[in-house]
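Just so you know, we're using our numbering here: the first sequence kicks off at 129 and counts up by one.
Hints may contain errors.
[Stated by the list, open to error] Restricting the straight-line Cα-Cα distance to at most 35 Å, the calculated cross-link-like pairs of lysine-lysine (DSBU-like) are: (1) Lys176 <-> Lys202; (2) Lys285 <-> Lys416; (3) Lys164 <-> Lys137; (4) Lys176 <-> Lys164; (5) Lys416 <-> Lys364; (6) Lys428 <-> Lys364; (7) Lys285 <-> Lys137; (8) Lys388 <-> Lys178; (9) Lys176 <-> Lys335; (10) Lys176 <-> Lys231; (11) Lys171 <-> Lys416; (12) Lys178 <-> Lys416; (13) Lys168 <-> Lys137; (14) Lys202 <-> Lys168; (15) Lys164 <-> Lys335; (16) Lys364 <-> Lys388; (17) Lys364 <-> Lys171; (18) Lys137 <-> Lys176; (19) Lys428 <-> Lys171; (20) Lys231 <-> Lys335; (21) Lys285 <-> Lys168; (22) Lys335 <-> Lys202; (23) Lys178 <-> Lys168; (24) Lys428 <-> Lys416; (25) Lys388 <-> Lys416; (26) Lys171 <-> Lys231; (27) Lys178 <-> Lys335; (28) Lys137 <-> Lys171; (29) Lys231 <-> Lys178; (30) Lys231 <-> Lys285; (31) Lys428 <-> Lys202; (32) Lys202 <-> Lys171; (33) Lys168 <-> Lys231; (34) Lys164 <-> Lys202; (35) Lys176 <-> Lys428; (36) Lys231 <-> Lys202; (37) Lys416 <-> Lys168; (38) Lys428 <-> Lys137; (39) Lys202 <-> Lys285.
None of these hints come from the bench; they were simulated from the model.
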Amino acid sequence: MSSFAGRMKEYPTVSLDRFDRENLLSRAYFLSHCHKDHMKGLKGPILKRKLEFSRTVRLYCSFVTKELLLSNPKYAFWEEYIVPLELESPTQISLVDETSGEKEDLVVTLLTAGHCPGSVMFLFEGSQGNVLYTGDFRLAAGDASRIEHLHSGSRVKDIQSIYLDSTFYDPRFYKIPTREVCLNGILELVGNWISQSPYHVVWLNCKAAYGYEYLFTNLGEEFNTQIHVRSLAMFKKMPEILSYVTTDRRTQIHACRHPKDEEFFQGSRLPCGCTASDGTPLRIISIKPSTMWFGERMRKTNVIIKTGASSYRACFSFHSSYSELKDFLSYLRPVNIYPSVIPIGRTLTEVTQIPQKTAPPVPVEESLPLAVTDAQPVARNFVDCTESNDEEEDEDQQEEEENAEKGDTKLTKEETGAIKESERNKEPEKKDTEVPGSPNPPKWEDFFTTDTLTDSQNSLNSQLQSCCSVPSPAPSRLTGSQTPELFSDEGETPDNDENFSLTLSASLSNHSSQNLDSCLPDTLILQPEQGGREQGDKRPSTVAQEESNDQKELSESQVSSDYDIPCTPESKTPRPDELSQLYRKLASGEDVIRKRD
DNA sequence: GCGATCAGTT
DNA sequence: CACAACTGATCGC
Numbered sequence: 129m130s131s132f133a134g135r136m137k138e139y140p141t142v143s144l145d146r147f148d149r150e151n152l153l154s155r156a157y158f159l160s161h162c163h164k165d166h167m168k169g170l171k172g173p174i175l176k177r178k179l180e181f182s183r184t185v186r187l188y189c190s191f192v193t194k195e196l197l198l199s200n201p202k203y204a205f206w207e208e209y210i211v212p213l214e215l216e217s218p219t220q221i222s223l224v225d226e227t228s229g230e231k232e233d234l235v236v237t238l239l240t241a242g243h244c245p246g247s248v249m250f251l252f253e254g255s256q257g258n259v260l261y262t263g264d265f266r267l268a269a270g271d272a273s274r275i276e277h278l279h280s281g282s283r284v285k286d287i288q289s290i291y292l293d294s295t296f297y298d299p300r301f302y303k304i305p306t307r308e309v310c311l312n313g314i315l316e317l318v319g320n321w322i323s324q325s326p327y328h329v330v331w332l333n334c335k336a337a338y339g340y341e342y343l344f345t346n347l348g349e350e351f352n353t354q355i356h357v358r359s360l361a362m363f364k365k366m367p368e369i370l371s372y373v374t375t376d377r378r379t380q381i382h383a384c385r386h387p388k389d390e391e392f393f394q395g396s397r398l399p400c401g402c403t404a405s406d407g408t409p410l411r412i413i414s415i416k417p418s419t420m421w422f423g424e425r426m427r428k429t430n431v432i433i434k435t436g437a438s439s440y441r442a443c444f445s446f447h448s449s450y451s452e453l454k455d456f457l458s459y460l461r462p463v464n465i466y467p468s469v470i471p472i473g474r475t476l477t478e479v480t481q482i483p484q485k486t487a488p489p490v491p492v493e494e495s496l497p498l499a500v501t502d503a504q505p506v507a508r509n510f511v512d513c514t515e516s517n518d519e520e521e522d523e524d525q526q527e528e529e530e531n532a533e534k535g536d537t538k539l540t541k542e543e544t545g546a547i548k549e550s551e552r553n554k555e556p557e558k559k560d561t562e563v564p565g566s567p568n569p570p571k572w573e574d575f576f577t578t579d580t581l582t583d584s585q586n587s588l589n590s591q592l593q594s595c596c597s598v599p600s601p602a603p604s605r606l607t608g609s610q611t612p613e614l615f616s617d618e619g620e621t622p623d624n625d626e627n628f629s630l631t632l633s634a635s636l637s638n639h640s641s642q643n644l645d646s647c648l649p650d651t652l653i654l655q656p657e658q659g660g661r662e663q664g665d666k667r668p669s670t671v672a673q674e675e676s677n678d679q680k681e682l683s684e685s686q687v688s689s690d691y692d693i694p695c696t697p698e699s700k701t702p703r704p705d706e707l708s709q710l711y712r713k714l715a716s717g718e719d720v721i722r723k724r725d
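Make a model of the complete structure from these sequences and hints.
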């Protein structure tokens, strides 16, 4: 959850994702996406009053964010003060002090953030340098090199500061399977279930938040159906989402919510109460999208885990993993990094010291960003910008900066040179001709790249087009589930099927390298493990069964990183892959026993 | 009565 | 397991 206080050091007269307290004085507002923790104060009466008296104060966001925001009546008063901006279109904004007339110009560019529909990062360019505010984001390794406006000609722009979504800025969250891999695991699971009979239905236990829409559109496309949701109002101008969701309960895929939906599910009912009209009990499985992370050197990464007779967890993340963040930062190499989220179980001080103290030793070319530009070598500063320091920010920030500089693992000049070389080698390829999104076939990530609305258009149709395609079409599994008479509204209690089992593997392939710099497109890996190294895992199944004893060890390893293992290595017999890891560590003189946090 | 905040839950 | 929102208790205006 964001604890960003709302303002950036470089441009303190604007506020982002916070609209209360000191932010009430700001000359312009920016909303990165429509999640509540980024909208604090946004419906405040004081702010409303201020707008009514102001001629220049506006809220800048993407077109999709504007739609989502205004679909909630509580924010309707913003309508005349919102200036939606296109993605990738630098826009000059005048920041005016309405009492003194003092003025400052700032150029802002919206960049896709991949977090939820309409989510963007803001790139600010002005007298105080280039500053990137990421909001919440999930970009894959290598994505930064494909963002045109982070470059100037063939080189990366100098970035003074990044205000970073540091949700997973912790080596515990080293790796999170890519969206494609997670999506395909879910498609697999859903397909295998609903193809069995029209009475086999799936309940997607999603949180009440934007961000699952691409799941709905991909499922809808793949299975030629619609997903039952509570309301369509927010999507009324987004036909590409709208066409895959419905309030009609007669569908096999549900993402509906009810205050007591878990209880419903235990009672073998969907949250919407839907049952088959002919009295045949529905066979329901629940799939709960949740974040799963993996250690740096972990090979096996099941994206679906069975948690009960008819319950599954499916890997799903709104935020970049540690390695994705590292890739992002080491590519942009900002002078300052301001974490905007304190990862669970950590303090701010810990976060600012993670690169120095907590990060596992990594090869030089993978090392953390060094804020060094060719012109001026500068020590990287990992500094606080969060709420708690709002009032006494200067002193505290100084302290943090000093701490950061004192970091005992601060890289030497020689090391920085090495990094610079390796970074140069991965300069963005053919940037001049490569405009994000255009020459390539539509990728489903484009779903988040949603702003291309022209003034005359009244719908967001075009923005969402080419956004909802399935990355790699699999054979369609039509189920005849569209028969309207099949379902009725009367409540019943069907039995759950316990005999269902999957046969495919959704794990990352063994051949997938650990090289996170690779820009190769993710292959869709839904195959059995090829000659796996892990003796204990002979089954080709996608699904790790949490309850099953012989699988227990495996599933535990999936939700904690190998840097978080509480016991010493010799307390149990290591598996062959663990052994080889240990040998590697020993050979490199690395500590093999890690202290627990 | 409304809204903000916090702790707990999902 | 760690997203983000909802719920309910409490407090203040």
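Hint-by-hint comparison with the structure:
{"no.": "1", "hint": "Lys176 <-> Lys202", "result": "holds (11 Å)"}
{"no.": "2", "hint": "Lys285 <-> Lys416", "result": "violated (40 Å)"}
{"no.": "3", "hint": "Lys164 <-> Lys137", "result": "holds (24 Å)"}
{"no.": "4", "hint": "Lys176 <-> Lys164", "result": "holds (18 Å)"}
{"no.": "5", "hint": "Lys416 <-> Lys364", "result": "holds (26 Å)"}
{"no.": "6", "hint": "Lys428 <-> Lys364", "result": "violated (41 Å)"}
{"no.": "7", "hint": "Lys285 <-> Lys137", "result": "holds (19 Å)"}
{"no.": "8", "hint": "Lys388 <-> Lys178", "result": "violated (40 Å)"}
{"no.": "9", "hint": "Lys176 <-> Lys335", "result": "holds (29 Å)"}
{"no.": "10", "hint": "Lys176 <-> Lys231", "result": "holds (23 Å)"}
{"no.": "11", "hint": "Lys171 <-> Lys416", "result": "holds (31 Å)"}
{"no.": "12", "hint": "Lys178 <-> Lys416", "result": "violated (42 Å)"}
{"no.": "13", "hint": "Lys168 <-> Lys137", "result": "holds (20 Å)"}
{"no.": "14", "hint": "Lys202 <-> Lys168", "result": "holds (13 Å)"}
{"no.": "15", "hint": "Lys164 <-> Lys335", "result": "holds (13 Å)"}
{"no.": "16", "hint": "Lys364 <-> Lys388", "result": "holds (27 Å)"}
{"no.": "17", "hint": "Lys364 <-> Lys171", "result": "holds (22 Å)"}
{"no.": "18", "hint": "Lys137 <-> Lys176", "result": "holds (25 Å)"}
{"no.": "19", "hint": "Lys428 <-> Lys171", "result": "violated (46 Å)"}
{"no.": "20", "hint": "Lys231 <-> Lys335", "result": "violated (43 Å)"}
{"no.": "21", "hint": "Lys285 <-> Lys168", "result": "holds (31 Å)"}
{"no.": "22", "hint": "Lys335 <-> Lys202", "result": "holds (21 Å)"}
{"no.": "23", "hint": "Lys178 <-> Lys168", "result": "holds (16 Å)"}
{"no.": "24", "hint": "Lys428 <-> Lys416", "result": "holds (20 Å)"}
{"no.": "25", "hint": "Lys388 <-> Lys416", "result": "holds (15 Å)"}
{"no.": "26", "hint": "Lys171 <-> Lys231", "result": "holds (27 Å)"}
{"no.": "27", "hint": "Lys178 <-> Lys335", "result": "holds (34 Å)"}
{"no.": "28", "hint": "Lys137 <-> Lys171", "result": "holds (25 Å)"}
{"no.": "29", "hint": "Lys231 <-> Lys178", "result": "holds (19 Å)"}
{"no.": "30", "hint": "Lys231 <-> Lys285", "result": "holds (25 Å)"}
{"no.": "31", "hint": "Lys428 <-> Lys202", "result": "violated (46 Å)"}
{"no.": "32", "hint": "Lys202 <-> Lys171", "result": "holds (7 Å)"}
{"no.": "33", "hint": "Lys168 <-> Lys231", "result": "holds (27 Å)"}
{"no.": "34", "hint": "Lys164 <-> Lys202", "result": "holds (12 Å)"}
{"no.": "35", "hint": "Lys176 <-> Lys428", "result": "violated (52 Å)"}
{"no.": "36", "hint": "Lys231 <-> Lys202", "result": "holds (32 Å)"}
{"no.": "37", "hint": "Lys416 <-> Lys168", "result": "holds (27 Å)"}
{"no.": "38", "hint": "Lys428 <-> Lys137", "result": "violated (42 Å)"}
{"no.": "39", "hint": "Lys202 <-> Lys285", "result": "violated (39 Å)"}
In this structure, the hints that do not hold are numbers 2, 6, 8, 12, 19, 20, 31, 35, 38 and 39, in rising order.
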